[in-house]
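Protein chains in written order, with our numbering: chain A, 494 to 988; chain B, 15 to 322.
Derived from the structure by calculation, the hints contain no laboratory data.
A portion of the hints provided could be inaccurate.
[As the list claims (entries may be wrong)] Pairs of lysine-lysine residues, derived as DSS-like cross-links and limited to a Cα-Cα distance of at most 25 Å, are as follows:
| no. | chain 1 | residue 1 | chain 2 | residue 2 |
| --- | --- | --- | --- | --- |
| 1 | A | Lys809 | B | Lys23 |
| 2 | B | Lys308 | A | Lys883 |
| 3 | A | Lys731 | A | Lys744 |
| 4 | A | Lys559 | A | Lys501 |
| 5 | A | Lys883 | B | Lys129 |
| 6 | A | Lys744 | A | Lys801 |
| 7 | B | Lys308 | B | Lys217 |
| 8 | A | Lys809 | B | Lys127 |
| 9 | B | Lys23 | A | Lys881 |
| 10 | A | Lys853 | B | Lys217 |
| 11 | A | Lys809 | B | Lys274 |
| 12 | A | Lys811 | B | Lys129 |
| 13 | A | Lys849 | A | Lys829 |
| 14 | B | Lys23 | A | Lys829 |
| 15 | A | Lys668 | A | Lys980 |
| 16 | A | Lys881 | B | Lys129 |
| 17 | A | Lys668 | A | Lys883 |
| 18 | A | Lys885 | A | Lys708 |
| 19 | A | Lys548 | A | Lys885 |
| 20 | A | Lys811 | B | Lys23 |
| 21 | A | Lys738 | A | Lys872 |
| 22 | A | Lys617 | A | Lys607 |
| 23 | A | Lys522 | A | Lys501 |
| 24 | B | Lys274 | A | Lys708 |
| 25 | B | Lys212 | A | Lys801 |
| 26 | A | Lys617 | A | Lys679 |
| 27 | A | Lys861 | B | Lys217 |
| 28 | A | Lys829 | A | Lys801 |
| 29 | A | Lys551 | A | Lys738 |
| 30 | B | Lys23 | A | Lys796 |
| 31 | A | Lys861 | B | Lys212 |
| 32 | A | Lys829 | B | Lys217 |
| 33 | A | Lys678 | A | Lys614 |
| 34 | A | Lys811 | B | Lys308 |
| 35 | A | Lys885 | B | Lys127 |
| 36 | A | Lys885 | B | Lys23 |
| 37 | A | Lys760 | A | Lys798 |
[Claimed, not checked] Rough simulated footprint, nothing fancy, chain B against chain A, three-plus residues with beta-carbon under 8 Å:
| no. | stretch |
| --- | --- |
| 38 | 606 to 616 |
| 39 | 850 to 860 |
Don't be surprised by glycine CBs; every beta carbon is placed ideally from N, CA and C.
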Amino acid sequence: MEYILEAKGITKTFPGVVALDNVNFNLKKGEVHALLGENGAGKSTLIKIISGVYKADKGTILYMGKTVSFNSPTEAMKAGIATIHQELNLFEDLTVAENIAVGNVESFLLSKRKLINITDKLLKNLNFNIHANSTVRNLNTSEKQLVSIAKALFLNSNVIIMDEPTATITEHEAKILFNIINDLKKKGISIIFISHRLEEVFEIADRVTVLRDGKFVGTTDVGHTSEQELISMMVGRKISEMYPKYNVPKKKEIFSVHDLNVGRIVKNVSFSLKEGEIFGIAGLVGSGKSEIALGIYGYIPSKWKQLKVGDKVISKIKSPDQALQEGIAMVPEDRKTMGLVLELDVMKNITLQNVKEVEKGGIINWKKADDIAREEIGKYSIKVSSVKQKVKTLSGGNQQKAVLAKVLRRVPKVVFMVEPTRGIDVGAKVDVYKIVNNLANNGIGVVFISSELPEIVRLCDRVLVMHRGRPMGILEGNEITQENILKLATGVDVE
Amino acid sequence: MNWRTILRKMREYPAIVGFVGIVIFFALLSDRFFTLSNFLIILRQVSIQAIIAFGMTIVIISGGIDLSVGSTLALSAVILADFLKSGSIFTAVFMALLVGAAMGAANGLIIAKGKIQPFIVTLATMAIGRSLTLVYTQGMPITGFPQSFRFIGRGDVAGIPVPIIIMLSLFALMWFVLNNTKLGLYSYAIGGNEIAAKLSGVKVDRYKIIIYMISGVFSAVSGIILTARLNSAQPTFGYGYELDAIAAVVLGGASLTGGKGHILGTLFGALIMGTLNNGLNILNVSPFYQQAVKGIIILIAVLLEREN
Ligand SMILES: Nc1ncnc2c1ncn2[C@@H]1O[C@H](COP(=O)(O)OP(=O)(O)OP(=O)(O)O)[C@@H](O)[C@H]1O
Ligand SMILES: [Mg+2]
């Protein structure tokens, strides 16, 4: 038996789209097999079929040599296939331990104390800095991602599927995850790994399969290919510059904040933006970098000595609505809980933040809203079957593009972009970087907050590094290197 | 339209399918049921419930619930009656609507600013409202109003009873509000994802207050019609109406977690409830069984919708 898992001729259609068209995929024992493709290529759909969430329209799946067809994720899990889905499905009001136990622990008699002990041990073994008895609601996005990973690792599975596990965690935590993956490999466990970060694929994967528009493009050994080749397999064309940078910083200051304090986390942060500049904020999980944006945007209570947008001094921002009126916009960190109303369609989500443009006396002109939605869908190449498609059914990356579209439609004076490229594909990332450059050159202040160090390093003119809510310094020019950022982010000074 | 799209539409509006099914059922069992005059009776009986359910629809879409509708109806009815005794119809109706709006505003304000669950807030205002009504009337009904006022409940225009006309106008109004206005879009957004709505710049607190005010005013309208029909305002008006209204909205396809629902569904949800009452009475089914039948219908409807 060469393959532990084999998917043959898988086809799956949704109303209006062929998500998978006669796709083949196979997995060897003890290998890490990366699955690549643009947003909406069908990666998540494929793994959902393997793990029993969806049924394929056509095709067969062989698992350990036998044809299988799981009726539910639980069935797949019992058979030894664990999945970390792209959308986190945790119970917000339960504790970390309880979340990990649900579906994993059969015994109803397990005491709470014992459960917490077991989970704490697991988390410690994994090197995850999370407490077993904290409530999931109080965790941030990346901590929730770590909980999902821990949940999948709780059982001894033969196959572990990871759909963009690194999208919401920092480099530091990704390193920990890769160590875990290497250990699993040694134990003969096979892993399907989805990511939009090619460097990760080269670091961790043995083989790679590329999908494009629901079609199988090819499978190769990672050792026999290059980033360039993978990109052209994915996109169907070459991308010459991954990190375009052509913004022109000027002297004029267009935004500044002094002594910002947000909630109980962020203390004494000051920085300013110059016209045409791309200003980065970096830091590990829990460093308070996204809270800076939420505080200034009026979502979390915050205080400052002075805040200036252009020449205007603003003493307090009480709500996002007020922030928007002052010309401050924010691309929120988590598209599903903060960015979108999942039950509404793409057009309504874009309209929601741009109602002013289409309403008169409270009445909405839907014809106009429809035109605007089409324009934005075109501008960001959002893959939809119609403007009336519910955002819930868009692929993860296309949801992210919808968030960018709705926030940037009304041109702000300053925009805080929190993890704006999270989960979007290579081609779209380049598009976002271009958008960032253009925004800066058009005189809009860009604060680029990201956990992806390569993009921070390549894109930003200056970078503020945070550590446990405190500013550790602002790096400039040649000082901006991954090493220096990591040093500051872990609390070590840079000479 | 091929049969597939028809099937899909049917699943989208299960209340219409259910209504048609129930009508056919009763029509087969009794020849007194399927007549124009009986339909007008059903519609007129339904109008009071339906109007409350229209207000409840926008509340539930926005992720809330309003248990105080019955008490609001009663309180505005007795205030209306009191003013009818001493002043003009216009003032009395205005005061009744004002009471409805004030009850709604109080609900919305406490829910939005106090960040307390709507269920609990409106449970409390339901009790308070009822108590105020009893104190105000000393538990006695107020009766005897001018003929011109009773027209609202008993009159007709071109053969169509006035309550039905009012109900259909409010239906059209709410249809327009939910589908074509900022308020409608915001209601779906707040119910679907309040955080995202807020981060998109929606003044969530303000819109919640407006939404509960609509529910309050619609309850008051029902109170006015009921008073005019019975030529009497009673402090016990509206007991249990909140449950019928919620049932109509849920039958209509809304979800109590918010973000989903539509007014056409609610209209047919209310019609189902009304038709059941009427049909079961015509068939002489003991009232002891009638509640159970309604309950079973609600469960079936919700089970069917779960599929979507
Ligand atoms: N439940 C659904 N209903 C309708 N269309 C769907 C549904 N699920 C997925 N799709 C569509 O199928 C296509 C493939 O989606 P999928 O989620 O598999 O993409 P993906 O490769 O995982 O993309 P990403 O990198 O953005 O996560 C997309 O066009 C998406 O809109
Ligand atoms: Mg995906």
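Taking the hints in turn, this is what the structure says about them:
| no. | hint | in the structure |
| --- | --- | --- |
| 1 | A:Lys809 to B:Lys23 | violated (50 Å) |
| 2 | B:Lys308 to A:Lys883 | violated (33 Å) |
| 3 | A:Lys731 to A:Lys744 | violated (36 Å) |
| 4 | A:Lys559 to A:Lys501 | holds (13 Å) |
| 5 | A:Lys883 to B:Lys129 | violated (29 Å) |
| 6 | A:Lys744 to A:Lys801 | holds (16 Å) |
| 7 | B:Lys308 to B:Lys217 | violated (39 Å) |
| 8 | A:Lys809 to B:Lys127 | holds (19 Å) |
| 9 | B:Lys23 to A:Lys881 | holds (16 Å) |
| 10 | A:Lys853 to B:Lys217 | holds (18 Å) |
| 11 | A:Lys809 to B:Lys274 | violated (35 Å) |
| 12 | A:Lys811 to B:Lys129 | holds (17 Å) |
| 13 | A:Lys849 to A:Lys829 | holds (24 Å) |
| 14 | B:Lys23 to A:Lys829 | violated (28 Å) |
| 15 | A:Lys668 to A:Lys980 | holds (15 Å) |
| 16 | A:Lys881 to B:Lys129 | violated (33 Å) |
| 17 | A:Lys668 to A:Lys883 | violated (36 Å) |
| 18 | A:Lys885 to A:Lys708 | holds (23 Å) |
| 19 | A:Lys548 to A:Lys885 | holds (19 Å) |
| 20 | A:Lys811 to B:Lys23 | violated (44 Å) |
| 21 | A:Lys738 to A:Lys872 | holds (20 Å) |
| 22 | A:Lys617 to A:Lys607 | holds (15 Å) |
| 23 | A:Lys522 to A:Lys501 | holds (18 Å) |
| 24 | B:Lys274 to A:Lys708 | violated (35 Å) |
| 25 | B:Lys212 to A:Lys801 | holds (23 Å) |
| 26 | A:Lys617 to A:Lys679 | holds (20 Å) |
| 27 | A:Lys861 to B:Lys217 | holds (23 Å) |
| 28 | A:Lys829 to A:Lys801 | violated (31 Å) |
| 29 | A:Lys551 to A:Lys738 | violated (45 Å) |
| 30 | B:Lys23 to A:Lys796 | violated (52 Å) |
| 31 | A:Lys861 to B:Lys212 | holds (23 Å) |
| 32 | A:Lys829 to B:Lys217 | holds (20 Å) |
| 33 | A:Lys678 to A:Lys614 | holds (21 Å) |
| 34 | A:Lys811 to B:Lys308 | violated (48 Å) |
| 35 | A:Lys885 to B:Lys127 | violated (30 Å) |
| 36 | A:Lys885 to B:Lys23 | holds (20 Å) |
| 37 | A:Lys760 to A:Lys798 | holds (12 Å) |
| 38 | 606 to 616 | violated (count 0) |
| 39 | 850 to 860 | holds (count 5) |
Of the hints listed earlier, those the structure fails to meet are numbers 1, 2, 3, 5, 7, 11, 14, 16, 17, 20, 24, 28, 29, 30, 34, 35, 38, in rising order.
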